[in-house]
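Relying on the hints, combine the two individually framed chains into one complex.
Going down the list, the sequences are from chains D and B.
Our numbering applies: residue 1 is where the first sequence begins, and numbers increase by one.
Our numbering applies: residue 1 is where the second sequence begins, and numbers increase by one.
The set of hints was computed from the structure by calculation and includes no laboratory data.
It cannot be assumed that every hint is accurate.
What the hints assert, rightly or not - Derived lysine-lysine pairs resembling DSS-like cross-links, with alpha carbons at most 30 Å apart:
1. B:Lys-368 with B:Lys-328
2. B:Lys-225 with D:Lys-103
3. B:Lys-368 with B:Lys-326
4. D:Lys-86 with D:Lys-103
5. D:Lys-103 with B:Lys-326
6. D:Lys-86 with D:Lys-114
7. D:Lys-146 with D:Lys-86
8. B:Lys-225 with B:Lys-326
9. B:Lys-304 with D:Lys-114
10. D:Lys-86 with B:Lys-326
11. D:Lys-114 with D:Lys-142
12. D:Lys-97 with B:Lys-368
13. B:Lys-135 with D:Lys-114
14. B:Lys-304 with B:Lys-225
15. B:Lys-135 with D:Lys-97
16. B:Lys-267 with B:Lys-196
17. D:Lys-114 with B:Lys-45
18. D:Lys-103 with D:Lys-114
19. B:Lys-225 with B:Lys-196
20. D:Lys-103 with B:Lys-157
21. B:Lys-45 with D:Lys-146
22. D:Lys-114 with B:Lys-157
23. D:Lys-97 with B:Lys-157
24. D:Lys-86 with D:Lys-97
25. B:Lys-225 with B:Lys-135
26. B:Lys-304 with D:Lys-97
As the structure is a prediction and not an experimental result, all values here were calculated from the model.
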Amino acid sequence: MAIPSKIAWGVFVIAILFLLRGQPLSAQTHNVDVAVVVQSDTPVSNLSLAEVRKIFLGDRQYWSANTPVVLLIRAPVARERDVVLKVIYQMSESQFKQYWIAKIFRAESASAPKVVYSNDMANELVTALPGAIAFVDSRDVKPGTKVVRVDGHLPGETGYPLR
Amino acid sequence: MSSRSLSLLLVLSTSTVLFAQSSPLSTDQGHSNQVLLERIDQLEKRLSEMEERQRKQDAIMAALLRSSGSPEKTAPMGMPEAPRTPPASASTAPTVEHDHSAMRDRAEVREATIHYPSLQIRGFGDVDFSATDQKGTNSGFNLGQFVLHFASPLSAKVSYFGEVSFTAEPSTYDVSVERSIVRYDYNDSFKMSFGKYHTPIGYWNNTFHHGAWLQTTISRPEMVKFGGTFTPVHFVGVLAEGSIPSGGLGLAYSAGIGNGRSSLLSKASDSGDINDNRAWVATLFAKPSQLYGLQFGGTAYHDKLTPLPGQNFDEWISSAHLVWTKEKPEFLSEFSNVYHRDLQTLRSYNSQAFYVQLAYRLPWQQNKWKPYYRFEYIHRPNTEPVWDITGTASVLDLVGSTVGVRYDITNYAAFKGEYRNTRSGVNEPRVNGAFFQTAFTF
Numbered sequence: 001m002a003i004p005s006k007i008a009w010g011v012f013v014i015a016i017l018f019l020l021r022g023q024p025l026s027a028q029t030h031n032v033d034v035a036v037v038v039q040s041d042t043p044v045s046n047l048s049l050a051e052v053r054k055i056f057l058g059d060r061q062y063w064s065a066n067t068p069v070v071l072l073i074r075a076p077v078a079r080e081r082d083v084v085l086k087v088i089y090q091m092s093e094s095q096f097k098q099y100w101i102a103k104i105f106r107a108e109s110a111s112a113p114k115v116v117y118s119n120d121m122a123n124e125l126v127t128a129l130p131g132a133i134a135f136v137d138s139r140d141v142k143p144g145t146k147v148v149r150v151d152g153h154l155p156g157e158t159g160y161p162l163r
Numbered sequence: 001m002s003s004r005s006l007s008l009l010l011v012l013s014t015s016t017v018l019f020a021q022s023s024p025l026s027t028d029q030g031h032s033n034q035v036l037l038e039r040i041d042q043l044e045k046r047l048s049e050m051e052e053r054q055r056k057q058d059a060i061m062a063a064l065l066r067s068s069g070s071p072e073k074t075a076p077m078g079m080p081e082a083p084r085t086p087p088a089s090a091s092t093a094p095t096v097e098h099d100h101s102a103m104r105d106r107a108e109v110r111e112a113t114i115h116y117p118s119l120q121i122r123g124f125g126d127v128d129f130s131a132t133d134q135k136g137t138n139s140g141f142n143l144g145q146f147v148l149h150f151a152s153p154l155s156a157k158v159s160y161f162g163e164v165s166f167t168a169e170p171s172t173y174d175v176s177v178e179r180s181i182v183r184y185d186y187n188d189s190f191k192m193s194f195g196k197y198h199t200p201i202g203y204w205n206n207t208f209h210h211g212a213w214l215q216t217t218i219s220r221p222e223m224v225k226f227g228g229t230f231t232p233v234h235f236v237g238v239l240a241e242g243s244i245p246s247g248g249l250g251l252a253y254s255a256g257i258g259n260g261r262s263s264l265l266s267k268a269s270d271s272g273d274i275n276d277n278r279a280w281v282a283t284l285f286a287k288p289s290q291l292y293g294l295q296f297g298g299t300a301y302h303d304k305l306t307p308l309p310g311q312n313f314d315e316w317i318s319s320a321h322l323v324w325t326k327e328k329p330e331f332l333s334e335f336s337n338v339y340h341r342d343l344q345t346l347r348s349y350n351s352q353a354f355y356v357q358l359a360y361r362l363p364w365q366q367n368k369w370k371p372y373y374r375f376e377y378i379h380r381p382n383t384e385p386v387w388d389i390t391g392t393a394s395v396l397d398l399v400g401s402t403v404g405v406r407y408d409i410t411n412y413a414a415f416k417g418e419y420r421n422t423r424s425g426v427n428e429p430r431v432n433g434a435f436f437q438t439a440f441t442f
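Next up, chain B with everything else stripped away, as it sits in the complex (with noise of 0.2 Å):
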């Protein structure tokens, strides 16, 4: 016991002593390290904007001898030489000295001008692996789609923006034009577009279109799923959209009229309308200033539908969606209500579709591993002749989870590894599967 406390005694007395004499030494050294880390902060602050400063002087300087050209190299065989220029005097060194600032000045500006057009091109890709336990299916990769983004301001206020898939099918490549859009911008409260969008119902749709890498699964929401019919992918038209004067609360609408479904319930009508009856879209969403990551909002759409000849329907969908952008954590969800009347029967039919996501970006190893689950929903009635007509493109009475995670492995591409879990109907047996995919943007 006696030597438990002179031990104890001794670290106390030892670490007391030792704390005394360092606590005014560790405060002065920890000063004077500041200012020293602070001092050399600078200075490498200093040296490398000085480096940056030279390196563009360097590169104005040789792109002037190309562009005037140095007599030993545009000098003629066999011809006398140039006389050349003496070399600048000390008097003239400061002159020298500002013409090059200037030039540097001139090129830094005349650089980071826009010039119209300028045309970016960004290409997104994906390679997947899939095994259900599915009867009929086999399992095995499968190339995606390979998708090119074009976008190109044409002037201050004028900007197109396209887009082209190509995916692969058993003989063939389907290529197909996504989007292809010329919008024009009065300000911010007024944008009108022209062309092919992703139809603004909702958030899925009209936030991450066709590169997988974008999105944190591997696979869209059933509802929204590229080929789907619930609601239509695509859109055909013009739109109008902008910021509404609302403060904090940070309204914005988008509102448009085109052609709406094509008889291929799946696909907009590109070539003209099949019913000489337009579709209209109207959406209204918030993102409050105060919690930065919040979205909210909701879309009305209405169409007539042809989908065969002599058989017309109204549709009107009714979609709200509440999403949290930021990834620690990501909250998306999204509900639709696809309502459907017979004109000839006066008949009416509802169906409705969700889907709850959550995902969060870890902490460790880089904020590279981002896991998430969702869940997502789809009723329709037993009897629905516009999902009926449609055949093997028909709605699924659906209930599915997905599990997965997203590892980051650059900037710009990631692996992804999901289970999911569906039943595709009340009677169905439930699919298991296992799907992995690396998705990337170049």
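For reference, chain D alone in the conformation it holds in the complex (with noise of 0.2 Å):
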């Protein structure tokens, strides 16, 4: 009697997993866009993602001679910073600390990036200050400001990656 017990039990929680596997446990995954922009007198329109990946590295520092590039991001616990920290840094909020100190101590560097606390925030200094750069939300991305192509794609185009 104890094995058909057993096995009732284990039939009857695969069962009861089977039917939570429907049930929105990743209902939180997002899927809006983060649009990369800049400037509108910025050089550039298209970048691909090693590109994007190399400015926010800090390891290309100038759009062009006269024009050094200045890094936006937005503040931890945004969206857009996770986004940012997993799709182009591939790092964890520590890493990402520990990386721009180093940085910065390695002399690579004069200062990390800019915090911005809203995408209001961002699309205003990037309008503001010559050579900005940020990643906003796709759908508060603000006349004035010029949405970058990543591995040529824009915002909402299949194969945009930053999502």
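Right, dumping it as structure tokens:
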């Protein structure tokens, strides 16, 4: 009698797990694309993901000889920051902080990316600061900024990597 | 047997019925839950943005009030109060709001704009404990190095970096300027700097510098040890560096001319070249974009050494490195050959050193644990006039293993514990040691 009971419980548990499988455990996944925006005067309109990474790693620091890159990144917890850390840096929050401390300590960069607290603020600073580049929610892109194609795709298009 | 079948049938049928009933329900419910969660998320996001905006408006208003001076605070005692501005009427409200928005924008831009000079100071420190079975050594605590790092953009294209270390000595502290660099950036391909550097030979010496918190392990490899003589740790002179247009290969270079080693081989000639002969160094490395995390490259270095008056040696150092800088896993490896030629006897000597270090950031407990292992090796000829002249700081014929773990307490502090087993010569006994360190930045 003990064996059938075990089997029955096993089947029951499997059945429950099977039913739970359909529940929205990953319902919080978001599919809204994150746009890469620069000032309209910035001489760039298409970047590969590797180039975006190079820029945000601080390995490319100039758009041209007279226009330094100004990095803007959302404050922790913002979804845009999560996407950037996951796709671009491939780092945790802690690794990101350590990366920039080490980068400045190696005298490779004079400062870390500037922190912005909202998409509005990111749009405003991109408009105001020559050479600025930021990630904003694609629904919040404002006139006066230029959305950069990444790997040839704009936000919303199939194959766009930042989401 | 029949009861088994009955139970199984009962459970299966119940499960099937449940599944049949709840499948469409769970799909609908799942969809509406997803929609609701997305909606909540959007609202939370909007709320946080509004709160942030409000906070900034309040801060700006408070700053404006402070700068203009509120009548209650600025009116002197006994003097008549200045007439207050009448409250804004309904018709002027949008103008006021527009003004606030413009002021907020200006404040944000002002805050984000770099002002020159803009000094940033960061400190590094560590406290160590060591215990070994080597004869004549004592176990105990050691304050390690206290390091201050200064970074200051002087203009959009000129920046300064400085590093000062304080090292505990038996009766005092040894204060040393480790790096002092002023750099002019023309563009990404050409950056020129002057000052005192960590010699750009190989990987470790140019990456980790003096903050023990930056490196995974407690100790540096012997071949790049501070105070060591195998390769010159410091370099005083001029350095050009930058990227080389190479597509996805990610090539970069650095090339410099400087004073080279002083008569004390572990030190750079900070106060002037001792033999009127410039050292030069050239490094080429690649960071392929398709293999993010990979770096490999090579270095050539040449100097003329004068460890004692009248004794001159040619020094050639060739070095190669291959590293994978991500932490799952982290892999560092470096090899150097040091060639010395006695300019009197014309006899030449070659010494080799390498290390291989492997670490892995474990996924548990918020990625705080990082075990590591390093093997290192140095071989020098039995007779090597340069190393022999230097006496106590002489290069060892070394084989060593280090195994340990790093635990990141916070983003800015870590505990490390490691065991080392080293043999410092062919007939020397092996030395075992346990080492602990807490390293931090602030």
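Against the structure, the hints:
Restraint check: the Cα-Cα separation between B:Lys-368 and B:Lys-328 comes to about 12 Å, which is no more than 30 Å; the hinted pair holds. Taking the CA atoms of B:Lys-225 and D:Lys-103, the gap is about 21 Å. The hint holds against a cut of 30 Å. A C-alpha spacing of about 15 Å is found between B:Lys-368 and B:Lys-326, which places the hinted pair at or below 30 Å, so the restraint holds. Between D:Lys-86 and D:Lys-103 the alpha-carbon distance is near 19 Å, which keeps this suggested pair within the 30 Å criterion.
For the given pair, D:Lys-103 sits about 15 Å from B:Lys-326 by alpha-carbon distance, which is consistent with the 30 Å threshold. Distance hint between D:Lys-86 and D:Lys-114 is fulfilled; the C-alpha atoms sit about 18 Å from each other, no more than 30 Å. Simply put, D:Lys-146 and D:Lys-86 have alpha-carbon atoms about 23 Å apart, close enough for the 30 Å limit, and the pair holds. A hinted pair counts as satisfied when its Cα atoms are at most 30 Å apart, and B:Lys-225 with B:Lys-326 qualifies at roughly 23 Å.
Distance hint between B:Lys-304 and D:Lys-114 is unfulfilled; the C-alpha atoms sit about 45 Å from each other, more than 30 Å. For the hint linking D:Lys-86 to B:Lys-326, the alpha-carbon distance of about 13 Å falls within 30 Å, and the restraint holds. Between D:Lys-114 and D:Lys-142 the CA atoms are separated by roughly 20 Å; this keeps the pair inside 30 Å, and the hint holds. Note on D:Lys-97 and B:Lys-368: the hinted pairing holds, with a Cα-Cα distance of about 14 Å set against a maximum of 30 Å.
Restraint check for B:Lys-135 and D:Lys-114: the C-alpha separation of about 53 Å exceeds 30 Å, so the hint is violated. Taken as a hint, the B:Lys-304 and B:Lys-225 pair is honoured in the structure, with Cα atoms around 21 Å apart against an allowance of 30 Å. Restraint check: the Cα-Cα separation between B:Lys-135 and D:Lys-97 comes to about 42 Å, which exceeds 30 Å; the hinted pair is violated. About 11 Å separates the Cα atoms of B:Lys-267 and B:Lys-196, which keeps this hinted pair within 30 Å; it holds.
About 20 Å separates the Cα atoms of D:Lys-114 and B:Lys-45, which keeps this hinted pair within 30 Å; it holds. A C-alpha spacing of about 15 Å is found between D:Lys-103 and D:Lys-114, which places the hinted pair at or below 30 Å, so the restraint holds. For the hint pairing B:Lys-225 with B:Lys-196, the CA-to-CA distance comes to about 18 Å; that is within 30 Å, so the pair holds. For the given pair, D:Lys-103 sits about 17 Å from B:Lys-157 by alpha-carbon distance, which is consistent with the 30 Å threshold.
Straight-line distance between C-alpha atoms of B:Lys-45 and D:Lys-146 comes to about 23 Å, which keeps the hinted pair within the 30 Å bound. Among the hinted pairs, D:Lys-114 with B:Lys-157 is consistent with the structure: their alpha-carbon atoms are about 18 Å apart, no more than 30 Å. Of the supplied pair hints, the one linking D:Lys-97 and B:Lys-157 holds, its CA atoms being roughly 24 Å apart against a limit of 30 Å. The suggested pairing of D:Lys-86 with D:Lys-97 holds, with an alpha-carbon distance near 14 Å, which does not exceed 30 Å.
At most 30 Å may separate the alpha-carbon atoms for a hinted pair to count; B:Lys-225 and B:Lys-135 meet this at roughly 22 Å. Proposed proximity of B:Lys-304 and D:Lys-97 is contradicted: the alpha carbons are some 41 Å apart, above 30 Å.
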